[in-house]
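Given the coordinates of chain Y, assemble chain E onto it according to the supplied hints.
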Amino acid sequence: MTSLSASPRGLGGDRTLALLAYTAVTALLLIFMRGFVADGPARLLAPVLFGAFLLSLLFAYQWRAAGWAKTLVFAVGIGFVLPFMGRDNTSYFDLVIQMLIFAALALGLNIVVGLAGLLDLGYIAFFAVGAYLWGVFGSPQLGAVTGNPVFANGVNPNLFWLFIPLGVLAAALVGVLIGLPVLKLKGDYLAIVTLGLGEVVRIFANNLDVTNGPQGITPIESAPVPWLNTLAQNLGFSEDQYRLFFLYFLVLVVIAVVILVNYRLDRSKIGRAWVAIREDEIAAQAMGVPLLRTKLLAFATGASFAGAMGVIFAAKQNFIDPKSFDYFQSIGVLSMVILGGMGNIAGVFLGAVVVTLLNLMVLPTLSEVLQQSFPNLNQNLDPSKYQRLIFGLVLVLMMLYRPEGLLPSARRKAEMHADEPAPDSLVTQNQLEGDTGSEVFSPGLSTMKENDRTGSER
Amino acid sequence: MSLLDVQHLTKTFGGLTAVNDVTFQVPERSIISVIGPNGAGKTTFFNLITGIYAPDRGTITLAGQNLVGLRPDQVVSAGIARTFQNIRLFPSMTAEENIMLGRGTRLKTGFWDAVLRNRTFHRDEDNAHETASVLLDFVGLSRWRGELSTNLPYGDQRKLEIARALATTPKLVLLDEPAAGMNPRETEDLKALIRRIRDDLGVTVVLIEHDMRLVMTLSENITVLDYGTKISEGLPHQVRNDPRVMEAYLGRGAAAGEYGKEAGQNA
Numbered sequence: 001m002t003s004l005s006a007s008p009r010g011l012g013g014d015r016t017l018a019l020l021a022y023t024a025v026t027a028l029l030l031i032f033m034r035g036f037v038a039d040g041p042a043r044l045l046a047p048v049l050f051g052a053f054l055l056s057l058l059f060a061y062q063w064r065a066a067g068w069a070k071t072l073v074f075a076v077g078i079g080f081v082l083p084f085m086g087r088d089n090t091s092y093f094d095l096v097i098q099m100l101i102f103a104a105l106a107l108g109l110n111i112v113v114g115l116a117g118l119l120d121l122g123y124i125a126f127f128a129v130g131a132y133l134w135g136v137f138g139s140p141q142l143g144a145v146t147g148n149p150v151f152a153n154g155v156n157p158n159l160f161w162l163f164i165p166l167g168v169l170a171a172a173l174v175g176v177l178i179g180l181p182v183l184k185l186k187g188d189y190l191a192i193v194t195l196g197l198g199e200v201v202r203i204f205a206n207n208l209d210v211t212n213g214p215q216g217i218t219p220i221e222s223a224p225v226p227w228l229n230t231l232a233q234n235l236g237f238s239e240d241q242y243r244l245f246f247l248y249f250l251v252l253v254v255i256a257v258v259i260l261v262n263y264r265l266d267r268s269k270i271g272r273a274w275v276a277i278r279e280d281e282i283a284a285q286a287m288g289v290p291l292l293r294t295k296l297l298a299f300a301t302g303a304s305f306a307g308a309m310g311v312i313f314a315a316k317q318n319f320i321d322p323k324s325f326d327y328f329q330s331i332g333v334l335s336m337v338i339l340g341g342m343g344n345i346a347g348v349f350l351g352a353v354v355v356t357l358l359n360l361m362v363l364p365t366l367s368e369v370l371q372q373s374f375p376n377l378n379q380n381l382d383p384s385k386y387q388r389l390i391f392g393l394v395l396v397l398m399m400l401y402r403p404e405g406l407l408p409s410a411r412r413k414a415e416m417h418a419d420e421p422a423p424d425s426l427v428t429q430n431q432l433e434g435d436t437g438s439e440v441f442s443p444g445l446s447t448m449k450e451n452d453r454t455g456s457e458r
Numbered sequence: 001m002s003l004l005d006v007q008h009l010t011k012t013f014g015g016l017t018a019v020n021d022v023t024f025q026v027p028e029r030s031i032i033s034v035i036g037p038n039g040a041g042k043t044t045f046f047n048l049i050t051g052i053y054a055p056d057r058g059t060i061t062l063a064g065q066n067l068v069g070l071r072p073d074q075v076v077s078a079g080i081a082r083t084f085q086n087i088r089l090f091p092s093m094t095a096e097e098n099i100m101l102g103r104g105t106r107l108k109t110g111f112w113d114a115v116l117r118n119r120t121f122h123r124d125e126d127n128a129h130e131t132a133s134v135l136l137d138f139v140g141l142s143r144w145r146g147e148l149s150t151n152l153p154y155g156d157q158r159k160l161e162i163a164r165a166l167a168t169t170p171k172l173v174l175l176d177e178p179a180a181g182m183n184p185r186e187t188e189d190l191k192a193l194i195r196r197i198r199d200d201l202g203v204t205v206v207l208i209e210h211d212m213r214l215v216m217t218l219s220e221n222i223t224v225l226d227y228g229t230k231i232s233e234g235l236p237h238q239v240r241n242d243p244r245v246m247e248a249y250l251g252r253g254a255a256a257g258e259y260g261k262e263a264g265q266n267a
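Protein chains in written order, with the UniProt record's numbering: chain Y, 1 to 458; chain E, 1 to 267.
In isolation and in its complexed conformation, chain Y is listed as follows (with noise of 0.2 Å):
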């Protein structure tokens, strides 16, 4: 059936021809159509063309084509077409810095999640250690808090560098914290457990002095960069831009460290007792895992990509308060994470551009379109109450009809369809070899029945 070490890349032939055709033609249309105002339905053409450029460099990752090819295509549509569009447009800027620090969330609960198992609902709390981190110390807030009118401004804003690795470590020392006494407990009980830690943290966040409450904290100081500062002024960037420019290079660098991180990770030996840990404790631990220390290990990884990503929302954000990391934050992570396929890096990050691409500008816009198509509607109807719903809708839909998400890990694609019929038929295979195991009932063989689907262990 499904053999891992199958590259589960290579569609058909060689497309490069294809990839930069395909490129150069969502490019030049988005840039194009940029200053296109539309009315009415037509308004949906923006997230429509913004979506399939970004396809694009989905295929330079997925398709079969020359290596040159794929890195003309990131270098092109990272380096210049998105920053080209964000300076045409500020939110494109903000909605794409917005994708990728989703993605480094969704690729911190992966490991959390995806590969180790653990059903964390309170994971948005190790963002909030990072963005309250930075909140405090980068704003008149420290000033506040100490009453030293050094710091009336707060900490000089170039330790900014600093307080990145001090986010990371941070959100590790309180993942740890968290996870001493809770991953004793499995499934469903952990769960419950690290959605109510989740809610203490932002509790404590809208209670306490230090954090302002549920004022939220602001302005939010971020690295002063002149050399980028002057670049982004050449390239025609307005002084409104500047710090997005450079948050979007920094928040660039900071993901690849973690798709680096994850990756390495996952192939390692940690990475593989994660794994088998999701899928049997006791097997795990008999075959010489030890259980708390890696489970330990896989809560604070996933817990400082959060931290780092914090550190850098707060700068970006320049205001942060309590309600950016509820309940929801965390289940639109874990959303990312399943709707784009568990346990795999790409997919995560698909599923994180995908939903953050729904709910800041396909589901908004969408929105708009209805309540201005039917104006007369009653107030109780208006559509943009209903994002959630439609986001909901696709959620079950995806459940239903691709449970192991848009980019499956191999290894979930295996567990998902255990019941299928193999492509190149293993079971023939048996029986043409003769007795192996034919005539012999094979529990090992019929025992992921009962998962199937679920993608939930026992």
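Hints were generated in silico from the structure; no laboratory data involved. Heads up, a few of these hints could be off.
To be verified - Partial selection, computed: residues in chain E whose CB lies under 10 Å from chain Y: (1) Thr83; (2) Leu107; (3) Val115; (4) Phe121; (5) Asp242; (6) Pro243.
Even for Gly, the Cβ is constructed at its ideal location relative to N, Cα and C.
Chain E in isolation, oriented as in the chain Y frame:
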């Protein structure tokens, strides 16, 4: 001298004494069987040795090292590996990955080694691949190397589980009903494999088994448990003719008859 030394091991669950004052010794490089009727406490006995349960009383030492109070993974490091009565492979891992996972306990790769891909990481990965390749060959599953373990035929899954246990470089391997569900030919293969584990690898083997033909022809020594108590111990022919064993398996009346021949087939 004995490799594994278990003294007065006792474990109760509520009012049930699952293992009662069992003393058990395993000489180095031997093949020992633990038999007994269903519910006799055999698997509980294994779970106590491997640290899954903590004993209420008694001592367990492996080559002089105390095992009581160690976590299961520490017991593996100490040198005891096991297989399970109901196969517990990792279904979404390939045959090779299952063995590499088992090898993990002998590898030193930590978080930073894996992230930085330094020399330790590469040495460990090479070691794990090498171990997998040698052991797949040893149990005769080389052709399944890249196949998901869940796709393997049943008998091969059992062998893979044994290979995974051997990957931990154990001094002692505990096999819990390795022949369960196997046809006679597969059982013969298994018998040869167990002999080779001892002869070629020098690993001591303790097995729980219901297939009496396998037990009688393979074991050097047999321990019989019933209701958690050791009721007999000795060479295969001694145990076979022990009236207490016949009674445990067949009841008091039947024990007077010709137990040996029937039990030789199936118990």
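Okay, the hints, checked on the actual structure:
1. Nearest Cβ of chain Y to the Cβ of Thr83 (chain E): about 9 Å, under the 10 Å cut. The hint holds.
2. Satisfaction of the interface hint for Leu107 (chain E) is found here, the shortest Cβ-Cβ separation to chain Y being roughly 5 Å, below the 10 Å cut-off.
3. Checking Val115 (chain E) against chain Y by beta carbon gives a least distance of about 5 Å; that is within 10 Å, so the hint holds.
4. At about 7 Å, the closest approach between the beta carbon of Phe121 (chain E) and any beta carbon in chain Y falls short of 10 Å, and the interface hint on this residue holds.
5. Of the supplied interface hints, the one on Asp242 (chain E) is violated, with its beta-carbon coming no nearer than about 32 Å to a beta-carbon of chain Y, more than 10 Å.
6. Against a cut-off of 10 Å between C-beta atoms, the interface hint on Pro243 (chain E) is violated, since the closest Cβ of chain Y lies about 35 Å away.
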